[in-house]
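Asker: Make a model of the complete structure from these sequences and hints.
Take a look at the letters that make up each chain.
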Amino acid sequence: MQRSAMLYIPLLTFLIRYRRTALGPLWLVIGPSLFIAVLGYLYAEIGAAPPEQFIPHLAVGLVTWTLIGEFTNKAPTVYQRGRANIMQGGMPLGDIVLIDAMTTVISFLHQLIIFIPVFLIYSIPLTAYSLVSILGCGLLIVNGILFTRIFGILGSRYRDLSEVIKAIMRIAFLATPIIWIPGGTGRGGVMEAFLNYNPFYHFLELVRAPLLGNPIELTSWLAVLGFTFVGLLSERVITNRYARYVPLWV
Amino acid sequence: MGVITELNPATKRKAAASALLISTEKLTLRVPVIKPHDRKLMANPSRILSDLYLSRNQRSFATLLDGVSFELRAGQRLGLIGHNGAGKSTLLRVLAGIYQPSSGKLIINGTTKGLFDISMGMQQQATGLENIYLRGFQMGLGLSQIRDLIPEVIEFAELGHDIEKPLATYSAGMGLRLAVAISTMIEPDILLLDEWIGAGDAEFAKKVKNRMMGLVEQSRGLVLATHNIDLMKGLCTHGMVLDNGHVQFIGEVEEALAWYAT
Numbered sequence: 006m007q008r009s010a011m012l013y014i015p016l017l018t019f020l021i022r023y024r025r026t027a028l029g030p031l032w033l034v035i036g037p038s039l040f041i042a043v044l045g046y047l048y049a050e051i052g053a054a055p056p057e058q059f060i061p062h063l064a065v066g067l068v069t070w071t072l073i074g075e076f077t078n079k080a081p082t083v084y085q086r087g088r089a090n091i092m093q094g095g096m097p098l099g100d101i102v103l104i105d106a107m108t109t110v111i112s113f114l115h116q117l118i119i120f121i122p123v124f125l126i127y128s129i130p131l132t133a134y135s136l137v138s139i140l141g142c143g144l145l146i147v148n149g150i151l152f153t154r155i156f157g158i159l160g161s162r163y164r165d166l167s168e169v170i171k172a173i174m175r176i177a178f179l180a181t182p183i184i185w186i187p188g189g190t191g192r193g194g195v196m197e198a199f200l201n202y203n204p205f206y207h208f209l210e211l212v213r214a215p216l217l218g219n220p221i222e223l224t225s226w227l228a229v230l231g232f233t234f235v236g237l238l239s240e241r242v243i244t245n246r247y248a249r250y251v252p253l254w255v
Numbered sequence: 003m004g005v006i007t008e009l010n011p012a013t014k015r016k017a018a019a020s021a022l023l024i025s026t027e028k029l030t031l032r033v034p035v036i037k038p039h040d041r042k043l044m045a046n047p048s049r050i051l052s053d054l055y056l057s058r059n060q061r062s063f064a065t066l067l068d069g070v071s072f073e074l075r076a077g078q079r080l081g082l083i084g085h086n087g088a089g090k091s092t093l094l095r096v097l098a099g100i101y102q103p104s105s106g107k108l109i110i111n112g113t114t115k116g117l118f119d120i121s122m123g124m125q126q127q128a129t130g131l132e133n134i135y136l137r138g139f140q141m142g143l144g145l146s147q148i149r150d151l152i153p154e155v156i157e158f159a160e161l162g163h164d165i166e167k168p169l170a171t172y173s174a175g176m177g178l179r180l181a182v183a184i185s186t187m188i189e190p191d192i193l194l195l196d197e198w199i200g201a202g203d204a205e206f207a208k209k210v211k212n213r214m215m216g217l218v219e220q221s222r223g224l225v226l227a228t229h230n231i232d233l234m235k236g237l238c239t240h241g242m243v244l245d246n247g248h249v250q251f252i253g254e255v256e257e258a259l260a261w262y263a264t
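Protein chains in written order, with the numbering used here: chain Z, 6 to 255; chain B, 3 to 264.
Hints listed in this document are in silico derivations from the structure and should not be mistaken for laboratory results. Just so you know, these numbers come straight off a predicted model, no measurement behind them. One or more of the hints may lead you astray.
Label-pair distances were calculated between CB atoms; the ranges are [what the hints assert, rightly or not]:
(1) B/K208 x Z/G29: 40 to 46 angstroms
(2) Z/I139 x B/S25: 47 to 53 angstroms
(3) Z/V147 x B/S25: 36 to 42 angstroms
(4) Z/P97 x B/T30: 37 to 43 angstroms
(5) B/Q102 x Z/Y127: 53 to 59 angstroms
(6) B/L108 x Z/I139: 41 to 47 angstroms
(7) B/G99 x Z/R24: 54 to 60 angstroms
(8) Z/V147 x B/G99: 35 to 41 angstroms
(9) B/N246 x Z/Q85: 54 to 60 angstroms
(10) B/A170 x Z/I118: 30 to 36 angstroms
Each computed SDA-like pair below joins lysine to any residue, with the alpha-carbon atoms no more than 20 angstroms apart [claimed, not checked]:
(11) B/K167 x Z/R22
(12) B/K211 x B/G236
(13) B/K107 x Z/R246
(14) B/K167 x Z/T18
(15) B/K167 x Z/Y23
(16) B/K28 x Z/R249
(17) B/K167 x Z/N245
(18) B/K167 x Z/A27
(19) B/K107 x Z/N245
(20) B/K167 x Z/L16
Idealized CB from N, CA, C, for every residue including glycine.
Answerer: Quick look at the structure:
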């Protein structure tokens with residue numbers, strides 16, 4: 006497939022999806038903004054967390070979580086949604102995943118607009134260390150693509166998977182420090198298990214901590230790199246073994 | 003539609019200089035299928051509940067193609083004939099690279115292009131123009147190639163300014179015309195056809211016929227699955243009778259049809 010298709014198909018999909026709305030893809034920004042504003046105000050009001058600490062934490066967390074959630078929730082149905090492209094022939098499974106991932110990334114880039122007012126209002130300094138966040142995003146996207154390739158195949162065979170992942174992600178949102186801040190210097194106490202054994206937390210930390218000027222724990226690096234490695238391996242195995250069945254399953 | 007009988011004799015002669023296009027040897031496709039455990043659904047409504055929640059399914063294997071061996075040389079046109087479910091479309095999808103055979107050998111020298119379900123992949127909310135782009139990318143074309151093809155597609159589909167409107171506003175005929183125009187916009191190397199494409203009113207049907215004949219003439223080889231005996235007689239040089247995934251007969255088109263008739 007031509008390289009240009011990788012960009013144009015997602016853009017056309019966006020164009021078509023938002024054609025008859027007045028604000029178009031701005032809705033991707035409005036929803037989360039409202040959430041951040043209301044929750045930030047509420048938490049400040051009840052004295053749970055000072056807004057200058059909580060709101061940037063929530064904003065970066067929520068936007069990054071949207072990226073994670075889009076990848077995980079869309080993964081099991083990627084080939085079902087791309088059925089026409091598979092059955093017409095000509096488009097390899099890998100390209101279908103990449104186009105889907107591109108669509109997810111484009112909506113993520115849209116939501117980055119939210120950071121601008123948040124970072125300006127609370128005057129959070131961006132330093133050279135903040136650039137590590139881009140590396141974090143990169144690793145997150147690579148893992149998202151691997152996850153989609155693995156669970157796309159499994160999900161086209163076991164339709165339950167889509168429901169399972171949706172259910173897990175709903176709980177994971179609450180178990181991950183997005184609408185709450187771990188106590189102390191960033192972690193510890195009774196919350197330890199929620200952090201260490203939560204893969205989403207480690208991915209989130211790699212994106213969020215550099216932006217907010219917090220240090221990244223070594224465990225987070227190890228967990229993310231470990232996940233990437235395991236992802237690469239299992240993607241190879243599952244693709245080699247089962248990818249050929251996908252056209253029959255969808 | 004009882005169309006297409008004549009062929010340009012010049013192209014039939016090309017068969018003499020025969021390069022091997024497709025060669026298959028004992029091509030087999032076995033797929034796991036899941037079927038409900040109990041067929042007495044109507045006899046016992048409580049089955050619906052147990053099927054829904056306990057999912058008593060049986061896993062078994064179905065053999066869609068069984069040891070299919072044939073060769074297609076340049077200039078040859080192979081017609082596949084057989085009852086519904088005989089494996090004609092499945093074989094075409096294997097040749098198109100959609101299904102991977104579970105065993106056997108498949109060699110394709112060139113690129114196969116299948117015209118299967120021509121309306122598949124069209125988006126109702128997108129305009130005609132956007133659909134041309136989407137389908138074009140899907141076929142592996144680049145942006146500039148698609149741009150070059152657009153005037154021709156619009157002209158062929160006779161859509162004019164309607165091309166700017168969403169597909170959902172099209173009449174059935176308009177949608178079909180666009181689908182035909184898009185599907186046939188690039189020239190195939192080896193053409194795979196699942197039933198002949200014929201569409202629309204008499205005048206448009208004639209245009210489609212000419213376009214399709216053009217595609218067949220330009221392609222180096224053709225594999226056509228059809229139920230239309232006249233069409234096959236006029237178009238194909240060879241015939242293959244399929245039944246239940248088995249090749250029952252393969253040979254010259256006249257012989258194959260005669261065999262099928264008995």
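Asker: Decide, hint by hint, whether the structure agrees.
Answerer: Consistency of the hints with the structure:
{"no.": "1", "hint": "B/K208 x Z/G29: 40 to 46 angstroms", "in the structure": "holds, 44 angstroms"}
{"no.": "2", "hint": "Z/I139 x B/S25: 47 to 53 angstroms", "in the structure": "holds, 50 angstroms"}
{"no.": "3", "hint": "Z/V147 x B/S25: 36 to 42 angstroms", "in the structure": "holds, 40 angstroms"}
{"no.": "4", "hint": "Z/P97 x B/T30: 37 to 43 angstroms", "in the structure": "violated, 23 angstroms"}
{"no.": "5", "hint": "B/Q102 x Z/Y127: 53 to 59 angstroms", "in the structure": "holds, 55 angstroms"}
{"no.": "6", "hint": "B/L108 x Z/I139: 41 to 47 angstroms", "in the structure": "holds, 45 angstroms"}
{"no.": "7", "hint": "B/G99 x Z/R24: 54 to 60 angstroms", "in the structure": "violated, 34 angstroms"}
{"no.": "8", "hint": "Z/V147 x B/G99: 35 to 41 angstroms", "in the structure": "violated, 28 angstroms"}
{"no.": "9", "hint": "B/N246 x Z/Q85: 54 to 60 angstroms", "in the structure": "violated, 29 angstroms"}
{"no.": "10", "hint": "B/A170 x Z/I118: 30 to 36 angstroms", "in the structure": "holds, 31 angstroms"}
{"no.": "11", "hint": "B/K167 x Z/R22", "in the structure": "holds, 15 angstroms"}
{"no.": "12", "hint": "B/K211 x B/G236", "in the structure": "holds, 13 angstroms"}
{"no.": "13", "hint": "B/K107 x Z/R246", "in the structure": "holds, 18 angstroms"}
{"no.": "14", "hint": "B/K167 x Z/T18", "in the structure": "holds, 16 angstroms"}
{"no.": "15", "hint": "B/K167 x Z/Y23", "in the structure": "holds, 16 angstroms"}
{"no.": "16", "hint": "B/K28 x Z/R249", "in the structure": "holds, 18 angstroms"}
{"no.": "17", "hint": "B/K167 x Z/N245", "in the structure": "violated, 43 angstroms"}
{"no.": "18", "hint": "B/K167 x Z/A27", "in the structure": "holds, 18 angstroms"}
{"no.": "19", "hint": "B/K107 x Z/N245", "in the structure": "holds, 18 angstroms"}
{"no.": "20", "hint": "B/K167 x Z/L16", "in the structure": "holds, 18 angstroms"}
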